[in-house]
Structures are given as structure tokens and as C-alpha cells.
Amino acid sequence: MSLLEVKGLRRDYGKLRAVDDVTFSLEAGGILGFIGPNGAGKSTTLRILATLDVPTAGEVLLEGRSLVDAPDKARPLLGYMPDRYGTYDDVTVREFLDFFARAYGLKGAQRRQRVDSVMEFTGLGPLAEKLTTELSKGMRQRVALGRTLLHDPRLLLLDEPADGLDPRARIELRELLRALADQGKAVIISSHILTELAEICDSCVIIEQGRLLAQGRVEDLLRASGDASQVTELVVRLAAGAEGESMGARAERMLLEQPRVKDVTREGSALRVRLELEPGAGPMQAEAAAAVLLAALVAQGLPVCAFSPRERNLEDAFMTVTKGRVA
Amino acid sequence: MSTQASPASGASESVPVTAAGASDRWERWGDRLNPLVVKEVRQGLRTRVFWVCFSLLLLACLVLSLIAYANTQGASYSREGRTYFFAFFVCLGVVHFGVIPFNAYRSLAREREDETWVLLLLTGLGPRRILRGKVASFLVQAALYASAVGPFLLFSYFLNGIDLPTILVALLLGGAWLVFLTLASVCAATLADGRMGRAFVRFALVGVLAVTFFQALTLIYVMTQRGGNGFTFDRSFFLGVCAGLGMMLTDGWLLFEASVARLSLMTEDYSRHPRRALVVQALLAFAAVVAVSWYLDFDNDVAEIAGVFGTLHLIGTGLFTVSDVDGQSRPLRAGTRPWSLFKPGALRGFRLTVLLLLGWALGCSVLLSMSDETQGWTRMGMAFTALALYGVLYLSLALLLGRMPRSDRFASPVAVRLLFVAVTALASGLPPLVAVFLRLDESGSELLNLLNPLVGTVNFGRYNYSEPYGTHLPPELLLCVALVALLAAFAADRVLAEREQRAHAS
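In order, the protein sequences belong to chains A and B. Numbering of the first sequence is given in full-length UniProt numbering, commencing with residue 1 and proceeding in unit increments. Numbering of the second sequence is given in full-length UniProt numbering, commencing with residue 1 and proceeding in unit increments.
Rather than coming from a laboratory, the hints here were simulated on the basis of the structure. From the three backbone atoms N, C-alpha and C, an ideal C-beta is built for every residue, glycine too. Be aware that a few hints might be false.
Said to hold, decoys possible - Capping the alpha-carbon separation at 35 Å, the derived lysine-lysine pairs in DSBU-like fashion look like this:
(1) LYS107/A with LYS137/A
(2) LYS7/A with LYS343/B
(3) LYS262/A with LYS343/B
(4) LYS107/A with LYS15/A
(5) LYS7/A with LYS73/A
(6) LYS15/A with LYS343/B
(7) LYS73/A with LYS107/A
(8) LYS73/A with LYS137/A
(9) LYS130/A with LYS107/A
As the list claims (entries may be wrong) - Anything over 12 Å on all C-beta distances counts as not near chain B; from chain A, calculated:
(10) GLU27
(11) GLY30
(12) LEU61
(13) MET81
(14) ASP98
(15) ALA103
(16) ARG147
(17) LEU194
(18) LEU213
(19) ASP220
(20) VAL235
(21) VAL264
(22) LEU277
(23) ALA296
What the hints assert, rightly or not - Sample of chain B residues at the chain A side, in silico, Cβ under 10 Å:
(24) MET266
(25) LEU296
(26) ARG330
(27) THR378
(28) ARG379
(29) SER407
Make a model of the complete structure from these sequences and hints.
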């Protein structure tokens, strides 16, 4: 049985349908990325999962129990981190965590132990006596994550956790989340920083205008979007030499004359070539088209030293999936 | 983070499980406290506002006491106590009736603005405990301020000119007023969601606090000047103090429950407590009115005042009750019967309000009928029955205008309240202008103002029983008003029932 099951979730605000028939599930220990542009319905869905909002229709089951019908029973199992950090002025990191530990009903030694344990896990120990307002964004975000973990929830709901963080803080966050998943916690992360999600998540849900467009494992989504796309990209690198500049221009001209080539961009000594395939064309056709192109380049005597398809990423998958699907 | 696998499980072992006696007791005691009290007091004592206010308060009291000492040093017998008591009270009043309520408002408003409120709700504390903690923490801060002024207030007693009962009554009223203002400020913080709304509420609150500050001080001044020489039992004074305390107590409770309801999540039975508080308040108030009326040999002034002010109060509270959202969340529907009037939803709120308004008017009319003055009771009974019916009529009209159209543009709670204000203002202002424009005579003007909530109430109150065919509105016309009000109420009830069905079906 999945830890979380979302079935036909719908949320209307007057005439606006913010979430429309969203269905997905998540196993314990899994990290699910919730991808969508601003206003796609990510935060609304997360708020419903966090029991802060009620769906117009649909069902959410957490450990097999309805979260809509019995929100009080679900809350101890949930850790929700909104897109705003939600810290207080004039309160130190330890006091902040201690306050929330009290609020969660932890008492005496158990509370101290829990606060210490969370501070150690999130690396906040050395900052325990610092005021939360004096912390950097990355550290405040850690405090917020620490607060989410105080009551040892089974499901973590993180709304745009990497937003505004520097690269180092993002890497650290990624490691923390991976460690949490390894402990058996299910994590849902909503974000629009797709490269970030690809590295953290096991699976993804793509949502736009409230509707679920695609879902599944990240690799499957990449493969599927590659299959569905009519455009494939190649990177052609020419050997650097005295004639490098003119060779590049010659290669660009020659490539643009080829029937399937849609666009050529020069990036230093490399050329990025976009090929347009027939609707429904698969990887075989893409490879055949690439082979024709390579043969033409070689036939022209151009010194090709590298010729490879460009790796598709989550951003490509997202663009492919969302383009024109929702009216 | 799992407890078993947590990297900190080793760290926890280093924490001594049983600390030494005294600190352990303190900790156990701290554990029993509301977490909000611990946090807010800790946070409050770190703010510059607290220490600046505390120091200024202390300094002002010191300067005043030095002046008092200098003034009274040479005199063999001084009667300056009341003056200095009032001066010390003003110092305390600035903090208690201004700084504390405003800080309570700001604290909760910020909590909502920063969405930390949501995080608190998810901990399972619940809005009631959170608000209780918030209010308690500000009262603790108020007590700290009072501890600075307390000795000076006592010092004023030794300056003569003011007796202990007067001091105690002033402090009692001041304390009750502080609690009421803090509750009202907390409630104000729950009113607005948008930035504009919040700015308006803040502006209004500052205005209200400023006005009530001077009113409270005027009352205390009059009290100390009149009763300072020796506390004498004055019937009207005693009744006034009791009525004031009763209103602060019950209205404070109502405001607290309303705040809790506004901060509750949709899935909770948020309306039960405030509606119950409203009903209990109405019943208690009626019992008090009956008791006072009986104590004053059924003097019809009591029933008249209670009739008018009680109805106005019920219309005001009803405005919030009837403008609740349509329907209720799924978990609550199963246990809701058509007449479960305390359960959420505009439909049940509307029915409760209509019942309370008509019940109050009926109760006060019966009470008035027990007085000796037959003409007086008919006239005033008609007046506040008309007022209650106008209340029902215009609340229904606001609901019909806001919620009858398919479009939800004016269906929100705030829109319904604004519609009520607009419709009532139009109905009060337009007919007299039309009457002037058409140059109607007095009887024509009165007929035109039959549905005017202001002029109509006054006209019914002026009915002369000894001259039944005179110009003022007779009881028959009250039946017309009742018919119109009940028709509007029926239509509003049906509209709300249909909207509730629609909300539950979707």
C-alpha cells in the first residue's frame, strides 16, 4: 500500500478551477517532484495535502486513512514547509525549535533530546544561540526544515524549498533530503527549478493549470518526452585549428542546407544542431537522421571530432509535456 | 527524521535525563504552561518597546511621586491623593489601554501575514489554545508594567483624598477594560486578509484605542473626583459598574470565540463556540435585564434601553453570523441537522440570527408590558419590535443581493457585510430626501419612511395611543413591516438553502 494516495483531487475557487482531477501516489522513502509553472496549482495541492485546505472533490489517503475526513489524525504524520520560512524576530534558533517542540507536545528531556537531534541533523548546532533574523537564507531554510522534522513526520511537504538558495545551500539541502528519504520518509517537493529536482527526485508529477500532464519516474519521463518530441538536438564539435573559424562557418552553412535541420547555434568550437523529425518519429528515425548528417559533414571534409546527441533533462521533458496540452 | 536512525541519537545520550531538583520542577512547571506564553513573554521582554515603555513608566511615576512629596511635605494634612492617583493611572493607562492592545494586535496580524499561524495550527495546538496563549502573554506583560506602577498607586492612598474602595473599583474596571481591549485587538487582527484591509483595520484600531483611552480616563477621573472622599453605595453607580463589567466580560468572551472561529480551519466546527457564546450572552443579558427591572420595580426605562441596545447588538453580531460561507466541509456534514444552528454555514447562522432578534424583541416587549405605563410600553414595544424586524429585513436583503445572483461577485462574507451597510444607509437616507423633494405632508412622509430603519423606528416609538387616528405609525403598519421582513427572510432562507445544496453537491 502506498503511503500517500491522491485520487481525483479537485479544488475550485468560485469559477476558477485551481486543481483539476489530480491523481498520484507515493511510497515511503520516495521523493516526488511536483513540477509546474507559477499558478499551476502546486501550492494549492500541497496545502490540501497539509490539511490547510479542503478539496472540492476527490480523496487523499495517508496510510490508508482519509486526510480530508480526519485531518486531526493526519497532522501528526505530516511535516509541511511553506514557501515562506516562517521564523520569528528576537528568538534564537534553539528557542524557535524549542517553542515548536513544546507546541507539538514534547515535554522535558524528550523535548531537549529532540531539539538537539534535529539541530545536529540539520547542522544548526553551532548556530543554536543565534537569532533567527541574523541567519542567512540557507540557514533559515534549515531552521524551517528542522521545525518540520521535530515531530518525526512520515510525509514531508516542501513548497519551493530551494527557492533563493545559493548553489552550496542547494547541494546541502539535496543531501539532507536524500538522508531523510533513506530513513523511510516520503518527501514531496514542489519547485520550478527543474534541474534541481532531477537530481533529488525519484519520480515527478508535471502539472499545468491545475491539470496533471505527466507523472512517473524521472528517467521514464525523460525517455517518454524524448519519444514524444519531434525535435532532437545534436552537438557537433570540430577540431580546433588555424582554419577553425572558417570551418565553423562552413559547417554551419552546410548544416542549414540539410533538409531536416531546423536551427544551428554556434557555441565556441561546437555547433548545436536542432533536427525536426516527422510526427511520431522514434529514436530509430532520430539516429538515422543524425547518421545522414554526420555522413554529409564528413563528405564535405569537415574535421568532426565529436558528434553526439544532447542529453535531455527535466526542463526539456517539462517543455515537451506542457507545450500546447492545456488550452 | 526518524528517532532511531537520527544522527542525534548519540547527542541525546549526553543530555542528563534527570536534572537537579529545583530546575527540574521549573521545567515541569514550564511544560504545563501554554507554549505561546513562554515564547511571547520571552520575545516580548527582548523588544525595545517593552524596555522603553517600562523605563519611561517608571521614570514618570518617580517624577510624579517626587512632585507629590515636595508639594505635601510642608502641609499638615493633604488631600492630594486623588489627583496623584489619577496621574499614576494615566501613566499606566497609556501602556494598558494603548501599547498592550496594539502590540497584541500587531503580534497576531504579523503571525497571519508571515503565515507562521499556519505552522502553529499544524502542531495540533488549535486556535483556541494559541489565542489563549497570545492573550495571556500580553496580560503577563501588562502585569509586569502594573508591578512598576503598583507601589505608586498605593502611595497615592497615603497622600489622603482617595479611599481604598475607589482605588480598588478603578483598578478592577481598568483591568477588565485592559482584558477587553486586548481581546478586541486580537479579534481585529483576524478581520482582514488583504493588505488594504489590514491597513484599514490598523488605522481604525488606532483611532478606537485613542478615543477609548480618553473615555476610560474621563470615567476614572469622574469616579475618583466623586467617590474619592469616601466610597458610598450609589444604586445607579453600582448598576453602571455591574453593567459595564458584564458587557466587557460577555463581549470579551464573544470576541475571543469569534477570533478563534476566524482562525480555525474549514474542516473544524468553527461556528459552534461563537454562536453558543452569542446565545448564552443573550440569555444572560435578558436574565440580568429581568433582575434589574424587578429590582427597580419594573421601571420601563430598563426594558426600553435593553430592547434598543440589545437589538442593535444582535444586528451587529448577526451581520457576521449570516455572512458565513455557504455549506460546510465534508467531515461536518454527517452530524448536521436542518436546525443544528450552531454548525457552520450561512443558512444556520441566518436562522439563528432571526430567532435571536425576534426572541429578544418579544422578551423585552413582555417585560415592558409588566410596567404600569400602558401607552409607553406599546409605543416602545412597537419601536424595538420594528427595529428587530428592520434588522431581519435588511440582513435578508443583503443576503439576497449578494448571494441570489449566479455570479459570486458579491457573495463573499465581506461583500455581504458591505451590502448590508450600503442598503441600510440607502434605506435610511433616501426616503427622507424623496419626501422633502416631493413636499409630502407629515403622514405621507411617515408612510414613505415605513421601511426606513431609522425614521421608521422613531415613528413607531412616537405613536400616540390616545390619538389612534393621528399622524404617527399605528400597530397595523407594524404588521406590514413584519410581513415584508418575514417574506424577505423566507426568500433569503431559500436562497441560502439552495446555495448550500449546490456547495455540498460539487
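Against the structure, the hints:
Restraint check for LYS107/A and LYS137/A: the C-alpha separation of about 30 Å stays at or below 35 Å, so the hint holds. Simply put, LYS7/A and LYS343/B have alpha-carbon atoms about 28 Å apart, close enough for the 35 Å limit, and the pair holds. Proximity of LYS262/A to LYS343/B is assessed by CA-CA distance (about 64 Å); at most 35 Å being required, the pair is judged violated. As the CA atoms of LYS107/A and LYS15/A are separated by approximately 46 Å, the hinted pair breaks the 35 Å bound.
Restraint check for LYS7/A and LYS73/A: the C-alpha separation of about 19 Å stays at or below 35 Å, so the hint holds. Of the pairs offered as hints, the one joining LYS15/A and LYS343/B holds, with about 26 Å between alpha carbons and a cut-off of 35 Å not exceeded. Of the pairs offered as hints, the one joining LYS73/A and LYS107/A holds, with about 20 Å between alpha carbons and a cut-off of 35 Å not exceeded. As the CA atoms of LYS73/A and LYS137/A are separated by approximately 33 Å, the hinted pair is consistent with the 35 Å bound.
Between the alpha carbons of LYS130/A and LYS107/A the distance comes to roughly 23 Å, so the proposed pair stays at or under 35 Å and holds. Distance check for GLU27/A against chain B: the nearest CB is about 16 Å away, which clears 12 Å, and the non-interface claim stands. The claim that GLY30/A is not at the interface with chain B holds, since no C-beta of that chain comes within 12 Å of its own (minimum 15 Å). Every CB of chain B lies more than 12 Å from the CB of LEU61/A, the least distance being 14 Å, so the non-interface label holds.
Listed as outside the interface, MET81/A is inconsistent with that label: its C-beta sits roughly 9 Å from the nearest C-beta of chain B, within the 12 Å cut-off. Distance check for ASP98/A against chain B: the nearest CB is about 8 Å away, which does not clear 12 Å, and the non-interface claim fails. Against the 12 Å criterion, ALA103/A falls within the reach of chain B, whose nearest CB is about 4 Å from its own CB. Distance to chain B contradicts ARG147/A as a non-interface residue, since its nearest Cβ pair spans about 7 Å, not more than 12 Å.
For LEU194/A, the condition that its CB be more than 12 Å from all CB atoms of chain B holds, with the nearest at approximately 25 Å. Taking the minimum C-beta to C-beta distance to chain B, about 24 Å, the non-interface status of LEU213/A holds against the 12 Å cut. The claim that ASP220/A is not at the interface with chain B holds, since no C-beta of that chain comes within 12 Å of its own (minimum 29 Å). Annotated as non-interface, VAL235/A keeps its C-beta farther than 12 Å from every C-beta of chain B; the closest such distance is 42 Å.
Consistency note on VAL264/A: stated as away from chain B, and its beta-carbon is indeed over 12 Å from all of that chain's, at 49 Å minimum. At roughly 44 Å, the least C-beta separation between LEU277/A and chain B is larger than 12 Å, which holds for a residue marked as non-interface. The Cβ of ALA296/A lies farther than 12 Å from every Cβ of chain B, with a closest approach of about 58 Å, so its non-interface assignment holds. Interface restraint check: MET266/B against chain A, minimum CB-CB distance 5 Å, threshold 10 Å, status holds.
Checking LEU296/B against chain A: minimum C-beta separation of about 50 Å lies over 10 Å; hint violated. Hint on ARG330/B holds. Least Cβ distance to chain A is approximately 6 Å, under the 10 Å limit. A cut of 10 Å between beta carbons decides the hint on THR378/B: the least distance to chain A is about 49 Å, and the hint is violated. The interface hint given for ARG379/B is broken, as the beta carbon of that residue sits about 48 Å from the closest beta carbon of chain A, more than 10 Å.
Hint status for SER407/B relative to chain A: holds, with the closest Cβ pair at about 9 Å, below 10 Å.
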